[in-house]
Each structure stands twice: as C-alpha cells, then as structure tokens.
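Each chain, written out:
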Amino acid sequence: DAKTTQPNSMESNEEEPVHLPCNHSTISGTDYIHWYRQLPSQGPEYVIHGLTSNVNNRMASLAIAEDRKSSTLILHRATLRDAAVYYCILRASSGNTGKLIFGQGTTLQVKP
Amino acid sequence: DTAVSQTPKYLVTQMGNDKSIKCEQNLGHDTMYWYKQDSKKFLKIMFSYNNKELIINETVPNRFSPKSPDKAHLNLHINSLELGDSAVYFCASGDDLRGSSGEQFFGPGTRLTVL
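As you go down the protein sequences, you meet chains A and B in turn. Residue numbers 1 to 112, in the working numbering, belong to the letters of the first sequence in order. Residue numbers 1 to 115, in the working numbering, belong to the letters of the second sequence in order.
To be clear, the hints were calculated from the coordinates, so they are not data collected in a lab. Accuracy of the hints is not assured; some may be wrong.
To be clear about the criterion: a stretch of chain A counts as covered by chain B if any three or more of its residues have a C-beta under 8 Å from a C-beta of chain B, and this derived list gives those stretches [to be verified]: (1) 19 to 26; (2) 44 to 57.
Below are the BS3-like pairs computed for lysine-lysine, each with C-alpha atoms no more than 27 Å apart in a straight line [to be verified]: (3) B:K22 with B:K67; (4) A:K3 with B:K19; (5) A:K111 with B:K71; (6) B:K9 with B:K22; (7) B:K36 with B:K52; (8) B:K19 with B:K71; (9) B:K36 with B:K19; (10) B:K40 with B:K9; (11) B:K52 with B:K40; (12) B:K41 with A:K111; (13) B:K71 with B:K9; (14) B:K67 with A:K3; (15) B:K9 with A:K69; (16) A:K3 with B:K40; (17) B:K71 with A:K3; (18) B:K67 with B:K52; (19) B:K40 with B:K71; (20) B:K9 with B:K41; (21) B:K9 with B:K44; (22) B:K71 with B:K36; (23) B:K41 with B:K22.
From the three backbone atoms N, C-alpha and C, an ideal C-beta is built for every residue, glycine too.
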C-alpha cells in the first residue's frame, strides 16, 4: 500500500483558512486520495476524496497536484470545532478490500 | 437515528475474562469493519466482513473472533483478555470496497480497559 506523509501538527486561528498538506510520492495511477478526521473522543469521519481533479464539498476542498504526488486539504474558515486529527489515506480503485490504512495524521489546533 | 452504533461505550474487565462488543449499522451497507486504536492513538484495521463473509483478518490473535449474524451486525468477541487489549475499538461500515467510493461511517467507539 502506498504511503502518505503529513506534518505531525499544525496551528490555525479561528475563521482563517487552513491548508493541510499530504505527500504521497509513491501513489499509483489507480489510487484515490481520501481524507478523514477524528474529533476528540469520537470515531473518524469522512471529509473528502478525489482522484485527479480538485474537489469541493460542504466541509472542505481538496487540491491535488498535477503529478498527484501531493495534495492539500483546505478548510476555508477554521472553527474551534475543526480541531481534530486529519488523516490523508490512499485507497486503490479496484482489488481493494476497502480497509483504510491510517498514518499518524496531522493534529490541527485552532486558536480563538 | 445513529448510523453506526456500538455497545457498550465503556468496558472495564479483569485479565482472563471473555467479553463481547456489539455493532449495528442502519445504512444498508454490505461491508463492516473493526478497527483498534491503541494508547498512542494509532488506528489499525482488524477485520472486515462483506455480506457476512470475512474478507480481512489482519493477523489478529485468534482470541478475537468476529461474528456477523447478518449484514447489519458485526460483533467482536474477545477471549482471555490481556492487558495489551486495552484500547478503543471502532466499528465502521461502507457500501463499496473500491477506493472510488465515498465514505466509511464509524461508530462512537468502545473503550476497553483490562485490569
């Protein structure tokens, strides 16, 4: 399984945008990039996923580099509720068992 | 309505005991999972069932036995509990095994403490 690398921690101020980077230099052509987050004392929750094009949803945006070796999760206006561990995960498009392989993630701290 | 529910939320027990954790999903998904989060917050897949059949067993000790009576339920039974089994156990479900699909939905977790 291809590996991802994320910074251990990041800080942001409330109501400012946050850019969470992820490197995945060994990504294969059929791997999708998924992002999950885990709020304190809760189970992980899905944030967004994409393959090649940038993606937007109500929670965040996902910017994928042209060579797909890196991606960035963008929270447009961080709130205190966005303080969580953010995980960048690669999933194959086929022949996959569906399992998510979590790394250490990025712990995001949001300051008021 | 809770999408993925687990019981109990907390479980404190003695070493050597046998215990079960139950999981139910009301999303109509075909696939259910068990993940373990250890004291260092590292999350790891343990098992996965698709349509009641085991498809993943990530070298988990055979003291752990998952059981799926139907697609909506995946229970985890643990025999002869050890101190190292102390962790938070998360159940999850999803509707597709492919990476192109969307999300897995996670339960709230069961915090198991073995004394």
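Item to check | Pair hint outcome, A:K111 versus B:K71 [Cα-Cα no greater than 27 Å] | outcome: violated (43 Å)
Item to check | Proposed proximity, A:K3 with B:K67 (alpha carbon, max 27 Å) | outcome: violated (31 Å)
Next on the checklist: Under 8 Å between beta-carbons, do enough residues of the segment 19 to 26 of chain A, three at least, approach chain B for the coverage claim to hold?
Outcome noted: violated (count 0)
Checklist entry - Is B:K9 close enough to B:K22, meaning Cα to Cα at most 27 Å? => result holds (10 Å)
Checklist entry - Is the straight-line distance between the alpha-carbon of B:K36 and that of B:K52 27 Å or less? => result Holds. B:K36 to B:K52 sits at ~20 Å (cutoff 27 Å).
Checklist entry - Does the alpha-carbon distance linking B:K52 and B:K40 stay inside the 27 Å limit? => result violated (31 Å)
Item to check | Hinted pair A:K3 and B:K19, Cα distance within 27 Å | outcome: Given that 27 Å is the threshold and the Cα spacing comes to 35 Å, the pair is violated.
Checklist entry - Given the proposed pairing of B:K9 with B:K41, does the C-alpha separation stay at or below 27 Å? => result holds (17 Å)
Item to check | Pair hint B:K36 and B:K19, alpha-carbon separation not exceeding 27 Å | outcome: OK: B:K36 and B:K19 at ~15 Å, within 27 Å.
Next on the checklist: Hint check: B:K9 vs B:K44, CA-CA at most 27 Å. Holds or violated?
Outcome noted: holds (19 Å)
Item to check | Given hint B:K40 paired with A:K3 - CA-CA distance at most 27 Å | outcome: OK: A:K3 and B:K40 at ~19 Å, within 27 Å.
Checklist entry - When you check the alpha-carbon spacing of B:K67 and B:K52, does it fall within 27 Å? => result holds (8 Å)
Going down the numbered hints, you'll see the structure goes against 1, 4, 5, 11, 14, 15, 17, 19, while the others check out.
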